[in-house]
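Sequence lines, in order, name chains G and E.
Take the first sequence: its letter number 89 is residue 89 in my numbering, and every next letter is one higher.
Take the second sequence: its letter number 235 is residue 235 in my numbering, and every next letter is one higher.
By construction, these hints were calculated from the structure, which means they are not laboratory data.
In this text, all values refer to a predicted model and were calculated from it rather than measured experimentally.
Be aware that one or more of the hints could be misleading.
Taking lysine to any residue pairs in the SDA-like style, the calculated list, with each CA pair at most 25 Å apart, reads [to be verified]:
| # | chain 1 | residue 1 | chain 2 | residue 2 |
| --- | --- | --- | --- | --- |
| 1 | E | Lys416 | G | Leu299 |
| 2 | E | Lys200 | E | Val56 |
| 3 | G | Lys45 | E | Arg545 |
| 4 | E | Lys416 | G | Pro85 |
| 5 | E | Lys416 | G | Arg89 |
| 6 | G | Lys49 | E | Ala555 |
| 7 | E | Lys200 | E | Leu136 |
| 8 | G | Lys45 | E | Arg550 |
| 9 | E | Lys593 | E | His295 |
| 10 | G | Lys49 | E | Thr554 |
| 11 | G | Lys49 | E | Arg550 |
| 12 | E | Lys416 | E | Arg520 |
| 13 | G | Lys49 | E | Ala537 |
| 14 | G | Lys45 | E | Gly538 |
| 15 | E | Lys416 | G | Ile297 |
| 16 | E | Lys376 | E | Asp559 |
| 17 | E | Lys416 | G | Leu174 |
| 18 | G | Lys45 | E | Trp558 |
| 19 | G | Lys49 | E | Arg545 |
| 20 | E | Lys416 | G | Ala165 |
| 21 | G | Lys49 | E | Asp559 |
| 22 | E | Lys376 | G | Tyr53 |
| 23 | E | Lys593 | E | Glu606 |
| 24 | E | Lys416 | G | His244 |
| 25 | G | Lys45 | E | Leu541 |
| 26 | E | Lys416 | E | Met517 |
| 27 | E | Lys416 | G | Gly178 |
| 28 | E | Lys200 | E | Thr174 |
| 29 | G | Lys49 | E | Gly561 |
| 30 | E | Lys416 | G | Pro242 |
| 31 | E | Lys416 | G | Thr168 |
| 32 | E | Lys107 | E | Glu362 |
| 33 | E | Lys416 | G | Ala292 |
| 34 | G | Lys49 | E | Leu535 |
| 35 | E | Lys593 | E | Glu617 |
| 36 | E | Lys593 | E | Glu608 |
| 37 | E | Lys416 | G | Ser151 |
| 38 | G | Lys45 | E | Leu535 |
| 39 | E | Lys416 | G | Val285 |
As a plain string of letters, each chain reads:
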Amino acid sequence: MQSLINFLLAIVCAPLLIGVINRTKAWFAGRQGQPLFQLYYDLAKLLRKGAVYSRTTGWVFRAGPVVGLAAALVATALVPVGGSPALIRFDGDLVLFAYCFGLMRFLTVLAALDTGSSFEGMGASREVTFSALAEPAMFLALAALVRQTESLSLSGIYAGINLDAWRTSPALLLLVIGTLVVVLLAENSRIPVDDPNTHLELTMIHEVMVLDHGGPDFGFVLYGGAVKLWAMSALITGLIVPAHFGPWSGTLVGLLCMLVIAIGVGIIESVMARLRLLRVPQLLVGGAALSAVALMITLS
Amino acid sequence: MAGILTAIIILLASGLVALLMGGRRSWASYIGSGGVVGAAVLGVVSSTRILWGGGVESLRLAWALPLGELHLSVDGLSAVFLLAVFVMSGLSALYGIEYLAPYCSRKPLGVSWFFFNLLAASMVMVLVARDGVLFLIAWETMSLASFFLVAFENERAEVREAAWTYLVATHLGTAFLLVMFVLMGRAAGCFDFDRFGQLKLLGGNTGSVLFVLALVGFGTKAGFMPVHVWLPEAHPAAPSHVSALMSGVMIKTGIYGLVRVLTWADTPVWWWGYLMVGIGLTSGVFGVLFALAQHDLKRLLAYHSVENIGIIATGIGVGLIGMSFDLPTLVVLGFCGAFLHVINHAIFKGLLFLAAGAVLHETGTRNIERLGGLMKRMPWTGLLFFVGAAAICGLPPLNGFVSELLIYLGAFSGAKSMAALVAAPMLAVVIGLALIGGLAAACFAKAFGIVFQGEARSEQAARAHECGGLMRVPMFLLAIGCVLIGLLAPWVVSVLAPAVECVSGLSLTSVTGQLAMSMRPLTLVAGCGVVLIMLGAGFALVRWRLLRGRDVSTAVTWDCGYVAPTARMQYTASSFAQPLTALFAPVLRTARKVVAIDEMFPAHSELETHTPDVTREFLFRPIFSGVGGLLSRLLWLQHGRLQVYVLYLAIALVTLLVWKAR
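Please work from the sequences and hints to get the whole structure.
Below, the structure written as structure tokens:
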């Protein structure tokens with residue numbers, strides 16, 4: 001029951017995270033900033049619009065947003081929040097979690113290539129490069145958690161991260177959180193990997209891939225991105241908030257922690273510049289190295 | 001057994017008839033291919049029955065050769081591989097009729113079909129032979145038949161070169177097998193596989209020697225790095241239905257041979273599993289990296305075969321480590337994942353090669369950079385290639401995900417273990433598979449995106465048409481297979497239990513017991529797959545409802561307001577792969593030829609990149625040229641003077657006589 005409520009909460013609150021990030025950035029810059037619920041307004045507006053499709057595109061372009069959103073939702077159903085288990089849980093669900101985002105990315109990249117635009121090709125090329133490096137990093141982090149908790153499902157893993165785990169192996173958990181933060185920033189196209197606010201097609205990564213999407217399609221893309229950000233933040237939340245709370249208080253604390261993570265992302269975006277594209281692989285390998293160190297701790 | 005034997009006889013007979021039909025060429029195609037299809041149906045039915053029933057059927061007959069005997073048998077292990085062989089040969093034969101039609105006037109198609117049917121028959125024979133001598137005869141027939149098939153377009157120099165490379169590689173591999181079987185035959189006193197199994201020949205120190213011999217011998221056929229050199233040469237050179245058969249199933253006979261040899265081991269030595277995992281991950285990562293750097297569609301697919309063979313080897317390695325450390329979960333999950341990946345790879349790689357063949361058939365080029373926009377001209381081929389590409393990247397809900405999930409599960413359960421000797425290689429497997437998955441997705445985004453999407457980059461691509469029904473039907477069936485295995489995963493995996501039993505040394509009940517534990521994940525994965533499809537369809541419906549009655553228009557792709565965009569301004573395959581190939585440049589050693597722009601009004605500039613196989617260039621070429629150099633010192637013996645040759649003969653005879661009379 002609580003799992004279902006958590007899932008519904010994710011569906012409803014996911015766009016809020018983007019709003020929190022943007023408000024934080026506005027506060028840092030001393031601006032008024034957009035309203036907290038701006039993404040909701042955007043989605044409502046986009047869903048009311050018509051659409052313009054490029055003549056070059058075919059069904060793959062149209063499949064990209066819908067399959068991407070479907071995959072993001074399935075992945076979200078696999079992550080637990082605030083101590084309650086996830087809606088769907090089984091041994092090895094962490095692999096499905098990662099590969100659902102793989103599916104989402106594959107379709108987004110192909111939808112971008114479907115337009116035949118060099119800008120979108122460029123974005124797609126960068127996206128596959130960085131994600132090919134982010135994926136091992138994420139699996140390293142998850143493997144460290146598997147070893148720590150001796151469980152093969154995300155729900156089991158996060159049920160095993162309690163105050164005892166923090167007492168016995170704080171270094172491991174901190175290192176894993178470090179990796180997951182890097183993966184979160186890279187996979188959700190945030191600074192320092194990608195700048196969601198950039199205005200030059202040549203320098204974009206994720207934004208340029210969806211240049212030709214409009215109307216409801218773009219709404220699906222934006223919402224799918226928000227859901228993905230939620231699912232990945234939930235991975236970190238589960239580590240920061242040990243499983244000691246009751247169902248309702250767990251949900252509440254989980255939600256608060258998600259908002260704190262969003263504020264954290266906003267702070268990172270405000271105080272850092274974007275890395276040069278050539279430096280991004282180093283960041284990702286560095287992120288993976290954190291978890292590799294964590295694993296070495298468990299092996300010794 | 002009778003069904004399999006009849007299938008072999010049908011294959012050989014129809015091949016012979018096709019050969020005799022050489023004059024009436026289209027009839028040769030119908031008869032040759034019809035025979036394969038008929039044999040395939042029969043074979044699929046009988047091997048499924050054996051796999052389903054879990055029994056073993058065997059047959060011993062007398063034969064006239066001084067060594068060995070005619071001993072045939074089908075157990076669960078053979079049945080899994082037989083299933084793949086029959087399905088793929090039937091479908092690629094069907095495809096071959098139309099694919100070979102343009103060659104009708106200038107090539108003796110009867111010969112090609114004869115060798116095709118011989119290849120199918122010898123692969124079946126390899127899988128059912130239970131005697132060393134018989135096995136080697138079938139193995140050699142298989143190698144030679146496929147050599148002649150690769151050399152189909154032998155008027156082209158690069159095809160001759162490729163066929164030659166293949167012939168040399170496969171015979172070097174066979175040499176190792178010959179030594180292995182001779183050693184085994186000496187130890188056992190006969191060449192019977194059952195006897196090898198009873199004696200547990202693969203134990204002790206000699207066991208490790210035999211294992212390494214098998215690894216090199218069978219690994220050459222399977223395409224393990226670094227003995228994979230023939231794959232990227234031979235697969236592009238062969239006709240596409242032959243590439244599909246060779247890449248889909250013939251290289252799997254190498255895997256089969258290795259696993260069959262492993263059934264003669266008592267408990268594997270610990271480092272065997274380590275070696276298999278190492279070879280598997282090396283083949284996987286390097287295979288996909290070299291695939292990324294290719295411009296030739298079929299060569300790219302050939303490198304992906306190396307990658308997938310690597311994934312299979314990794315699964316076997318997980319199983320072996322499980323056997324060495326007595327962890328039945330790892331044994332069952334590792335081998336089960338490997339076997340399922342054997343079937344899966346046969347299906348999606350067969351599909352991809354057939355689709356690439358359709359592209360080649362319609363456009364006349366394999367060069368990715370000259371294609372583009374084929375989705376509009378070849379919508380069915382495009383859709384089917386898409387399914388194959390998504391499946392080979394291991395994306396849910398298709399079949400590739402299921403087999404990779406099993407290997408992941410095995411590796412994660414090993415990684416849980418407190419023993420660092422088990423956990424360390426398992427962690428390597430997890431990370432390696434994740435890296436392979438990400439890179440494979442990048443590579444197939446490139447292959448599908450550049451070939452089928454965007455606008456046509458050349459005249460040939462712009463003029464392409466959809467291929468005919470006989471070519472589409474086999475691809476369609478394979479694509480359905482990709483989806484069905486993904487959605488019926490629990491059922492398919494439980495059928496594999498007898499095959500795992502053969503090699504694992506566990507009883508059937510404990511294998512099914514272990515598999516029962518992975519049934520829940522597999523059922524839920526299949527369920528998630530269905531939910532995924534339904535959600536996607538639901539959102540598409542929502543969009544359709546929303547857009548109904550609204551203003552939906554078409555326009556040009558956003559081009560920053562540029563007024564005269566052309567198809568040549570699109571991103572190319574090389575530029576798409578550039579960030580990754582640059583990142584791994586030290587491994588790939590891509591050769592670049594640049595005429596750079598260095599003046600105010602440049603008249604001409606060009607960039608040419610070529611990524612040769614690094615082991616071929618830096619390992620085998622030096623060795624072979626060294627050997628060639630040494631042997632050329634003996635050239636003075638060969639000068640064409642007949643009388644001196646007669647003198648050689650006389651000297652040889654006298655020497656032998658003296659040696660004998662001693």
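Check the structure against each numbered hint from earlier and tell me which ones fail, lowest number first. The structure conflicts with no hint, since it agrees with every one listed earlier.
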